[in-house]
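Chemist: Chains as they are written, first to last, in numbering that gives the first Met the number 0: chain A, 0 to 700; chain B, 0 to 197.
Just so you know, these hints were derived from the structure itself, not from any lab. Heads up, some of the hints might be wrong.
Said to hold, decoys possible - Taking lysine-lysine and the DSSO-like style, the derived pairs with C-alpha atoms no more than 30 Å apart in a straight line are: (1) A:K77 / B:K178; (2) A:K571 / B:K178; (3) A:K121 / A:K77; (4) A:K217 / A:K180; (5) A:K352 / A:K384; (6) A:K121 / A:K262; (7) B:K178 / A:K384; (8) A:K210 / A:K180; (9) A:K262 / A:K77; (10) B:K178 / A:K368; (11) A:K384 / A:K571; (12) A:K262 / A:K180.
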Amino acid sequence: MRKLMLASSIVMTANAWAGPLEDCPAEAFLIQGNPSNLYAVDLSTGAYRSISTDTGAQSTLNAIGFSTHDNHFYGWDKAEQTLFRMGDDYRVEYMHLSSPLNGHYYVGDVSLQENAYYMYRKGHNELHGLWRIGLDPDSSDYLTVERIVDGSSVYLNIYDFAFHPDRNEIYSVDSRGNLWKIDPANGSFQQLGNVGVRGTFGAVYFDRDGKLYISRNKDGVIFQIDLTGASASAVEFAQGPSSSSNDGARCAIAPVVPVGSQKIDFGDAPDSYGTILASNGARHNVEGSTVYMGALVDGEAQSYLAPDSDDGFGVDDEDGIQVVSNLTAGNQAILRSTIKGSGFLNGWIDFNKNGRFDESEHILVDEYKTEGQHTHLVDIPLNAKGGETWARFRVSSLTGAQPTGGMPDGEVEDHKLTINAASITRQYYPSEAGYVTLAFEDLWPSRGDYDLNDFVTHYRTGISTVNGEVSSIHIGGQVLALGATFHNGFAVQIDNLLPEQVDVANIAFEINRETINRSPLESGHTSAVFIVADDLWNYVTPAEGCTFYRTEKNCGESPIQFTYSLEIPLIKPVSADLSKVGLYKPFIFATPGFNRNSIFDSPPGRDLEIHLKNNQPSALADPALLGRADDRSLPNAEIYYQTENGLPWALEIGTEWQHPWEYIDLIQAYPNFVDYVQSEGQSSKDWYLPSNAIQSELYND
Amino acid sequence: MNRLTEKTKPNMLLTFACANMLILGGCAGGGGGGSDAGPTTAMDTNSHTVASDTPTSPTPQDDSPTVETVPAESDTPQNDAEENSIMVSSTSELESSTEFAFSTSYNLPVSIDVSEMAEVPELLVICKEFDFDGERFDIRYNDCILKTDLVDGVYSGSLKLTNDTRMLVAALWYYNAGKEPLTVAWSYTDQPEGFTIR
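Could you put the whole structure together from the sequences, leaning on the hints where they help?
Modeler: Have a look at this one:
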């Protein structure tokens, strides 16, 4: 079947050769129109930009491929009926072949394993078939044209093909969705199955992981096909540009998202929802986007899954969707969106908590919204499962967003929501997203150095009530500092809550956004005690050169490494006075097995607790430790955890407090604390605010 | 007390009334005043010095034997505080009574009764994070203190607030996507005894 066209002298065009592209581009390239324009397409989102509107061609360019051998594009010019190549000026340079081919070819690519260009056209004409053109100037077959197989032997309705990055194999998908593999050595072909989508796939690419991408002309949808699976099916991957005439080329050894790229916004829900790029996660190109949600949007090279969060990197851009009401099964809920620009809003809530966004959970479907705030009334199904779940919202100038996949503009926001089984009143201290701060000195019963940073945590509580009775309790926070070497645990006691009233099996306990399977409910108490951590040092590591966690100057910086959340349902609602809940009784305790002050001959372990002033220790604390050293607790008088001067070992501070540097006395950092104490809280009540602090004395990361 | 009458039922009127309260510091109840502090955030809206005999918040705090405190006076000049202080060089030299709990919070009673409105709101949301542009409140609904359905337009309860929380906004919603909420502001300056809407 092979037909060799004899080589002739090689004559280049008069143009000086352009240089090669500097790098192997991560973007794909599309040739469209007549005369042809060249576009660069971000396969991950479908965003595209014009590269050249003047390629120098007078007619249609087609069958382009990218050569990793010389970083040039090669393709076929319909009018000139010859091969062209294109360098960094994106203008065509015609190449005179060994033998002219007076045909038109619209399917082509350059092999990665051999420096040769292949093109194809189906049909019986002698010009049709699979052709090879050598591209190695040092080879005797340079620009020699060779027909590998005739076009009737390989009769495929394909409109582009692409070489695999690792194997000398050609792949394409025909208009019926059949996946084909072609051997360039002999033109033999094999159907590998059907990918499940139909259309004219005018651009076909590979990435370096061997995933195949096909772009459908009529709607611009880019599908991804994983060839490693048992059945290769097409997954809608991104929304790209549509065109009646399309051909694509790509450097097949480039990643889809360039390393260090910050132009894509990802969600941050667990990956079961489709979040990271490898899972075809929801993502939007933000570069140049004119539509997004809220006031902020940022890009990231990859999704921040648990324990990270998109909120903690760049800017906290999850500000476009707000949940106004509680979400109750069988009721309506009110959501509020803030749109910048205008576009189509889609939203999903995982009502059945199966870790996916099902079609039936698509609560907002291509709702066109102009700039401003919008109210959405959402029906929460009666059978929605109670507890925490996830929602995803996407806005784009294009319709058709799915829970996964890329969009060329807009934004995605993932939000954790709580669905309630019954209509509740939800109350927070200090607020749903705010924190107060707990700061501990841990030398008790010896007096500390009052830098108040031995253990510092942001802290929040919440309570749900049904008809005035408590149905669930929330405790959450993040550990800001450990400025001591002692090993401490952290716990919270809730007075008037009996352990047997707690629905232990359904406690949602998370550390760093990951579910913890151990029960936090400690046994041996008459009032429920929840252990957040047995040893706080198990969850944090000092930064490089530091002894402690986030308290020292002149050593490395550390992000917050420990967040916690407990949602504690009760077996049935319990009557409680709301004024008696709020802070509860947070305390630290000595981690068993670790030595402590020289006061103790042996590790005191769970016997030692340190509470806020005048909070009674739990049932597991050893009362014999009270009153030792500098402690002046008098249990009979309900006096606990204070020095002879009435000073505490722990403070609750009504804001997201900035703690002092290591060894900096509290009043050096917050001078108004003196007046606050001496006036017994009648003045300088806001001593703890940043505006009242000496900033240089505060830990600053 | 903020009284909702038939005259104030239209959204614009209600918002306007609340805007007046915020700007003039004296809408529909509480002591008057002349604060010109804008309600930009809760933390920078301190407006006056609370006298030493100012009533404390009326509900006891927590379940520990604490001394209740009142909201902050962040405009108290630091040097005034220093003048009134016994000079100390370290925290360990400070002295407090055995009862003083070092609390930085207080409780605020909330009483809502909008049952007589022609169209009774169905949802109450109280938040402390908001912006105000002179006409409308831009409330951050993901950071609120209380969310509750209203039963016949009535709610009674108590909020635990940090000392520096001086202003709140209540949004009274209808389960109707086309209907904007009614908004009512509260400031400690004007209603230290509680947040009441009638």
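Chemist: Which of the numbered hints are not met once you compare them with the structure shown?
Modeler: 1, 2, 6, 9 and 12
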